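**Student:** Starting from the given sequences, assemble the full structure and let the hints guide the process.
Order-wise, the sequence lines are chains R and A. The working numbering numbers the first residue of the first sequence as 1 and each following residue consecutively. The working numbering numbers the first residue of the second sequence as 1 and each following residue consecutively.
Since the hints were made in silico from the structure, they are not lab data. In this text, all values refer to a predicted model and were calculated from it rather than measured experimentally. Be aware that one or more of the hints could be misleading.
What the hints assert, rightly or not - Facing chain A, according to a computed beta carbon distance under 8 Å, are these residues of chain R, among others: (1) Ala-57; (2) Leu-59; (3) Met-80; (4) Trp-85; (5) Asp-89; (6) Ala-91; (7) Tyr-93; (8) Val-108; (9) Arg-109.
Using N, Cα and C, we set each Cβ at its ideal position, and we do this for glycine too.
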Amino acid sequence: MRYTRRVRWVLECDTLGKRFGVRWVFRGLSLRAETGNVVVVQGGNGSGKSTLLRIVAGLTAPTEGRVILRYGAQAVATRMDYLGWCATDGALYRELTAYEHLAWWATVRGGTPSREALLEWLARFELAERAHERVRAFSTGMRQRLRLALATWGQPPLLLLDEPDAGMDSSGLALLERVLYEQRTFGLALFATNRAEHARWGDLVLEMGA
Amino acid sequence: MLQEWRLRHGLMTSLLMGVVTVAALSFASLGVSLSVRLQAGVLWLAVLFGMFPALARGFISEEELGTADLLRLGARPSCVFWGKWLFHLTLYIVLSAVLVPLYMLMIAPLAGAWWAWLVLWGLGGVGLVTVLTLCGALVAGTASRGALLAVVTFPLLLPMVLMLIAATEQILQARPMWQSLQGILGYGLTLSAGAAWIFEKIWRE
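**Tutor:** Structural data, given as structure tokens:
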């Protein structure tokens, strides 16, 4: 699908529920967000923040309800093609370098970017100097930056961030704040966090387990 | 593939298993003349032993490391399936390059027409690789993948192995093997088509 920035993206979650065994993690969750919105998802451990983001991403099926991503009035068939995903526990290939990760990701996303473009993108996340080091040598914060770089590559209209602030230093947090700020101009984001002070980065707050 | 190549322990484990199997059977059968059927069985046993560790190196290790989500988000299911299939096929070719000469040296020479071996090896490889890739994919997302792997793999693998042994025996005895080859080809093609279709359904929950 070709899209322009004048048409708005809309994410609709309609009475979502997820049950593991006999336990409902959440039920009856409805949400509507559109281009320009950053939704902060808060809640204690086990409240279902990550589960909600996985459902929105299409990585986990909801027990009930549905998720729709619309481009204007038109619902997109494959949400996964339009989203960026960054999760704290999202693994990277330990034996690949940051550059190889981004090159691979750009390729599977359907592009053939130049080496310069890839290095420039890594530089945005302060990874250019260590672009050719294997990920196993990276610190927690650097891995998180790489996940962010992958998630935001191609400026996906829907950005899903599951505790991306975990393990980040102050410059990493500033970077994250900038990513969320920029996302508003062409799409929307769901940002799950345990840190109450980061709720100010969003303009909608979804309190899970409340 | 690059990750596996740099790690190497998956490849080394497979080679070790295959080489140890050939060496142990060679030692156990020292001074004994193996029947043709036994020779055929030993050959495929060595290949299978070498391939089994790769079962866990495909989809299962992606799930356990958590990288499966990256694949789910980034790539089409068919690309993921055939990528893993290609990985297993590469391993099969590497294993064959090591195990076949070793088998000829330590167990018995491969008598019969070379083209017949080539056809059998090609079809057998495609069949085995498809079964193993499919089984890995089927159980990777489940909680009790260890136990389930054996239960799922055994019934799918057994017909293919039996047909491969029968065809090998026929080549060694210089008997016509077209019927066995037809069986291997039919089973392999059916599984390949079915596997790709099933994978599309199960890969994204």
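**Student:** Give a verdict on every hint.
**Tutor:** Comparing the hints with the structure gives:
no.	hint	result
1	Ala-57	holds (7 Å)
2	Leu-59	holds (6 Å)
3	Met-80	holds (5 Å)
4	Trp-85	holds (5 Å)
5	Asp-89	holds (6 Å)
6	Ala-91	holds (3 Å)
7	Tyr-93	holds (5 Å)
8	Val-108	holds (4 Å)
9	Arg-109	holds (6 Å)
Hint check: no violations occur; every hint is consistent with the structure.
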